[in-house]
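Q: In order, the protein sequences belong to chains C and H.
Heads up: the first sequence begins at 0 in numbering that gives the first Met the number 0, then just goes up one per residue.
Heads up: the second sequence begins at 0 in numbering that gives the first Met the number 0, then just goes up one per residue.
Certain hints may be false.
Claimed, not checked - Covered stretches of chain C, as calculated for chain H (at least 3 residues, CB under 8 Å):
no.	stretch
1	3-14
2	24-37
3	45-58
It is worth saying that the hints were derived from the structure and are not from the lab.
For each residue, glycine too, the CB sits at the ideal point set by N, CA and C.
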Amino acid sequence: MALYSDKVMDHFRNPRNVGKLDDADGIGEVGNAKCGDIMRMYIKVDDGIITDVKFNTFGCGSAIATSSMATELIKGKPIEEALDLSNKAVVEALDGLPTHKIHCSVLAEEAVRAAVKDYYDKNGIAYDPELFKESEDPHGESCEN
Amino acid sequence: MFVYADNAATTSISKTALDAMMPYLTDYYGNPSSLYSFGQKAAEALQASRETVAKYLNASPKEIYFTSGGSEADNQAIVSAARLGARKGKKHIISTQFEHHAVLHTLSRLEKEGFEVTLLDPHSDGVIRLEDVEKALREDTCLVTIMFANNEIGTVQPITEIGALCRERKVPFHTDAVQAAGHMPIDVQAMNIDMLSLSGHKFHAPKGVGVLYAKKGIVLTNIIEGGAQERGKRAGTENVAGIVALAAALKESCDHMEENTAKIIPMRDKLFRELAKIPHSKINGSLEHHVPGTVNMCFEGIEGESLLLMLDDQGICASSGSACTSGSLDPSHVLLSIGLPHEVAHGSLRLSIGEYNTMEQIDHIIEVVPKVVAYLRSISPVWDELEKGERPHLI
Numbered sequence: 000m001a002l003y004s005d006k007v008m009d010h011f012r013n014p015r016n017v018g019k020l021d022d023a024d025g026i027g028e029v030g031n032a033k034c035g036d037i038m039r040m041y042i043k044v045d046d047g048i049i050t051d052v053k054f055n056t057f058g059c060g061s062a063i064a065t066s067s068m069a070t071e072l073i074k075g076k077p078i079e080e081a082l083d084l085s086n087k088a089v090v091e092a093l094d095g096l097p098t099h100k101i102h103c104s105v106l107a108e109e110a111v112r113a114a115v116k117d118y119y120d121k122n123g124i125a126y127d128p129e130l131f132k133e134s135e136d137p138h139g140e141s142c143e144n
Numbered sequence: 000m001f002v003y004a005d006n007a008a009t010t011s012i013s014k015t016a017l018d019a020m021m022p023y024l025t026d027y028y029g030n031p032s033s034l035y036s037f038g039q040k041a042a043e044a045l046q047a048s049r050e051t052v053a054k055y056l057n058a059s060p061k062e063i064y065f066t067s068g069g070s071e072a073d074n075q076a077i078v079s080a081a082r083l084g085a086r087k088g089k090k091h092i093i094s095t096q097f098e099h100h101a102v103l104h105t106l107s108r109l110e111k112e113g114f115e116v117t118l119l120d121p122h123s124d125g126v127i128r129l130e131d132v133e134k135a136l137r138e139d140t141c142l143v144t145i146m147f148a149n150n151e152i153g154t155v156q157p158i159t160e161i162g163a164l165c166r167e168r169k170v171p172f173h174t175d176a177v178q179a180a181g182h183m184p185i186d187v188q189a190m191n192i193d194m195l196s197l198s199g200h201k202f203h204a205p206k207g208v209g210v211l212y213a214k215k216g217i218v219l220t221n222i223i224e225g226g227a228q229e230r231g232k233r234a235g236t237e238n239v240a241g242i243v244a245l246a247a248a249l250k251e252s253c254d255h256m257e258e259n260t261a262k263i264i265p266m267r268d269k270l271f272r273e274l275a276k277i278p279h280s281k282i283n284g285s286l287e288h289h290v291p292g293t294v295n296m297c298f299e300g301i302e303g304e305s306l307l308l309m310l311d312d313q314g315i316c317a318s319s320g321s322a323c324t325s326g327s328l329d330p331s332h333v334l335l336s337i338g339l340p341h342e343v344a345h346g347s348l349r350l351s352i353g354e355y356n357t358m359e360q361i362d363h364i365i366e367v368v369p370k371v372v373a374y375l376r377s378i379s380p381v382w383d384e385l386e387k388g389e390r391p392h393l394i
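Hey, can you work out the whole structure from these sequences and the hints?
A: Structure (structure tokens):
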């Protein structure tokens, strides 16, 4: 389908790091079923490095592809770098997304941040709450809970 | 294996239709409005096509207007009835929540112009109730427009009965028969239909040609101005080749309707029977009142677009009413109108088959769909929660 780039289709067809981590140090979940996309991200952290990451996603092709790409971009990286992951970086790494699918990349960014926040919370690590300020709902006005 | 199972979206052109239209693309390219005999050759083809279409709808040739398709016919029918009504001070229109957007958007525009629109609830089975139409009728109702068969879930409406009621109350009745024409018998006289829209490409004619039937006495309002074509009601040089193909395809579809239906129904029923074995799936729309070829189902815990992409990889062309495929943030208005929760509507699949499909293709679909659904569920956090009982199953 010409809707998506080859890279998006590759990550959709062969998602990287798909699954669960039973011994995850942090779990983040964003989106909602009513809107048609939920991402759940699991991270394993050792010495401040994300040593393993997995995801489960309910959603469209780009939701699955952005989740997959996000896990690739943060795996093996220091946790601070994961926090710097922007949705733009995910979109670029996928060679672009159709405009109406950009919100999927926002969800992927938020899933990573939610997993990191969960890790901080569980381990009593202090952080600046500003770091995890609720971003604007990527869905806009429609499809609220 | 390539399986085209999206015949409700569009169909292939039949050989009969292609052969019929070809001479008007090559040898007889004259303008039917031209005086010379070369142009008149096209005019004759146009007239013969009009007679064919009229015959298969049980209408008079003078009641047949060729348009660019179903959407234009819907627009013109509704706007015409609205203008006629407004002249008599009648500005109330009855329709349904699950019409095609060609109808719904035209009605929204009229609402902005001061018309009042009542949209009937299609109930959970996708069938409009006669008593609901009766209750909604008012002294100032100037049009009832109810689709013959729904494009997504394939449910057929009680057209004859609604038509009779409208006739008794002297309210014009229009039906969008885009999904029915060529697939189910249509008789505008016996069914009490005042206006009807149909589209050629849903029954093996090319895209870009349709018909508006308007009963004698109904004054149409032009949507396109600029010429005397179609008795002054639809300007623009006629799509002669397309019109010839439409008439040939309609004739072919109607002449072979019984055998086509006899071939399609067992394939459709097998799809329903086998796909319904997938746990937490649901068949959408009444099976009792149904067009032959449309299968619409929901699978809980997955999203329709990923399902379609994976089916595409297996050669299967289908469609879905999920938000991502509807191009908006909400899933299909049709699925919501029959009461499906958003969560369930996102996981919908429409397979629409025709007489060109084979049982081997149906078996391929039956083999692939359960595997794809199972895979998508295996990576879905929603399914995970449903299975663990952390989230209640909705279907």
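Q: Output the numbers, in ascending order, of every earlier hint that fails for this structure.
A: Violated: none.
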